[in-house]
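Asks: In order, the protein sequence lines correspond to chains F and V. So for the first sequence, our numbering puts the first residue at 2; every next one is plus one. So for the second sequence, our numbering puts the first residue at 88; every next one is plus one.
Calculated directly from the structure, the hints in this document are not laboratory data. The structure presented is a predicted model; accordingly, all values stated were derived computationally and were not measured. Where a beta carbon is used, it is the ideal one built from N, C-alpha and C, also for glycine. Warning: the hint list may mix true and false statements.
[Said to hold, decoys possible] Distance windows between CB atoms, simulated:
{"id": "1", "chain 1": "F", "residue 1": "Leu208", "chain 2": "V", "residue 2": "Met138", "range": "16 to 26 Å"}
{"id": "2", "chain 1": "V", "residue 1": "Trp91", "chain 2": "F", "residue 2": "Trp18", "range": "43 to 53 Å"}
{"id": "3", "chain 1": "F", "residue 1": "Ile6", "chain 2": "V", "residue 2": "Pro142", "range": "23 to 33 Å"}
{"id": "4", "chain 1": "F", "residue 1": "Gln181", "chain 2": "V", "residue 2": "Ala239", "range": "24 to 34 Å"}
{"id": "5", "chain 1": "F", "residue 1": "Leu208", "chain 2": "V", "residue 2": "Arg309", "range": "29 to 39 Å"}
{"id": "6", "chain 1": "F", "residue 1": "Glu213", "chain 2": "V", "residue 2": "Val116", "range": "32 to 42 Å"}
{"id": "7", "chain 1": "V", "residue 1": "Val221", "chain 2": "F", "residue 2": "Leu14", "range": "53 to 63 Å"}
{"id": "8", "chain 1": "F", "residue 1": "Val37", "chain 2": "V", "residue 2": "Met138", "range": "52 to 62 Å"}
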Amino acid sequence: MFDVILSTMPFLLDGLWMTFKISLITIFFGSLIGAVVGMLRTLDYAVINYPLGAYIHTLRGTPFLIHLYFIYFILPATGISWLQFEAFPAAVIALSLYTSTYVAEIVRAAIQAVPRGQSEAARSTGMTALQCMWYVVLPQAVKLMIPPMGGVYVIIIKGTSIVSVIGIAELVRAGEHATQRHPKELMVIYGMTALLYFAYCYPVLRLARWAETKFGSVRLPS
Amino acid sequence: MMDWILDFYNYRVVGQYLPEFARGFASTVWISLLALGISLSVGTITAMMRMSANPLLWRFAAGYVQAIRSTPLLIQIYLIYFTLPALPLLGRRLDEFEGGVIALGLNAGAYMSEIIRAGIESISSGQIEGAQSVGMTYLQRMRYVVLPQAFARVAPPLLGQTAVLIKDSSLVSFIGVFELFGAGLTVLNERLMPNEAFLTVAVCYLMIYSVMLSVTRYAQRRLGGTAA
Chain F
2 MFDVILSTMP FLLDGLWMTF KISLITIFFG SLIGAVVGML RTLDYAVINY
52 PLGAYIHTLR GTPFLIHLYF IYFILPATGI SWLQFEAFPA AVIALSLYTS
102 TYVAEIVRAA IQAVPRGQSE AARSTGMTAL QCMWYVVLPQ AVKLMIPPMG
152 GVYVIIIKGT SIVSVIGIAE LVRAGEHATQ RHPKELMVIY GMTALLYFAY
202 CYPVLRLARW AETKFGSVRL PS
Chain V
88 MMDWILDFYN YRVVGQYLPE FARGFASTVW ISLLALGISL SVGTITAMMR
138 MSANPLLWRF AAGYVQAIRS TPLLIQIYLI YFTLPALPLL GRRLDEFEGG
188 VIALGLNAGA YMSEIIRAGI ESISSGQIEG AQSVGMTYLQ RMRYVVLPQA
238 FARVAPPLLG QTAVLIKDSS LVSFIGVFEL FGAGLTVLNE RLMPNEAFLT
288 VAVCYLMIYS VMLSVTRYAQ RRLGGTAA
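The following block holds chain F by itself, in its conformation from the complex (with noise of 0.2 Å):
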């Protein structure tokens, strides 16, 4: 058993760093997109609002697989030749857009979360409305965003796992590999995978938690 466990562990680790490399450039992209998704629902202009939530919903409302599925195989049988994804690039986009509603409904919940009061006095003290969110609206913002923001990253995180199925190479795909050569290791290989998983995820919602007794957080609409 040890001696599956040191010959499998350089291959996993190398599979973690993909996992690790993934996540954090899902988790750039998505926040962006989903900050600004968020902050274009705060404005409630029915012409914005109807085509965002239209968004948040599709992608709610079906399997991060199928979206997966959507860019890697059916956005190039359109045959428009930008939309043409290698595995990479399909996984982090289908992962960051996955991502971003979720951030979206944080940004939006904590934005709302600020008191009325603080964004009326700035826009009576004539700043505009882009102004009054930089400098009053956001900065208070940003901390109920922290706590709930560790949550999501603990999601994507688990959500690469999938992409395992168009062939990047993360730390299950290594983790499958490495079963096919020790076929009569399944536990110790997937506990270890498990365990990867958990050093990774265990700190983050940890730290998620700390951060919520410092800062507070905001409640999501289930």
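With chain F held as given, fit chain V onto it using these hints.
Replies: For chain V alone, coordinates are given in the frame of chain F:
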């Protein structure tokens, strides 16, 4: 125009595979129902253990919830499907359907338990004291006083978690269980038509989701919001 539509989404092929999609749809609903039953039972027991004064009980429950929350569902499915049969207590292999349902149920159970715990904690102590004063035992108090109110209060988030469970059930296709997503895979493999395969599946999932959404909204109205 017609040609272009047929080229992009050939509904005749979808029509041919309609029985497959229907079978997959039914299977997804059935798997989700079974897993929901497991998750609610596991979730209730875990929530009660988590609130127990006995350190052995609450530490076990807390560890279970943390372990589930910190690992991907896919790995949980693999671990349960591949390693439970190795344990001697069963005496036989789990088939992929049982393995998938158990993994889904245990996964959702951890999330459900956190919601149910919030529900139980929201019940005022007067209710429990009242039940104690008429001589109810712990289990009677839970069964007749606390849990009915707790479930009513957290019904909306529980339904939300159920919607997540239904989407997650697509992952059991990885161990070869036939369900809605598997029906899409069949069309992809036999006809190499990703659009017909996955757009159809996506619409089916959206249909289930919109039903869940309206049930959740109804529960929110009827039961007066979330307690959690």
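Asks: For every hint, state whether the structure bears it out.
Replies: Each hint tested on the structure:
1. Separated by about 25 Å at the C-beta atoms, F:Leu208 and V:Met138 satisfy the suggested range of 16 to 26 Å.
2. Checked against the hint of 43 to 53 Å, the pair V:Trp91 and F:Trp18 passes, with Cβ atoms roughly 44 Å apart.
3. At about 31 Å, the CB distance of F:Ile6 to V:Pro142 agrees with the hint of 23 to 33 Å.
4. Taking the beta carbon of each, F:Gln181 and V:Ala239 are about 50 Å apart, not inside 24 to 34 Å as hinted.
5. The beta-carbon spacing between F:Leu208 and V:Arg309, approximately 38 Å, falls within the hinted interval of 29 to 39 Å.
6. The hinted window of 32 to 42 Å between F:Glu213 and V:Val116 holds, with their beta carbons roughly 36 Å apart.
7. A C-beta distance of roughly 60 Å is found between V:Val221 and F:Leu14, which places it inside the suggested range of 53 to 63 Å.
8. Separated by about 41 Å at the C-beta atoms, F:Val37 and V:Met138 break the suggested range of 52 to 62 Å.
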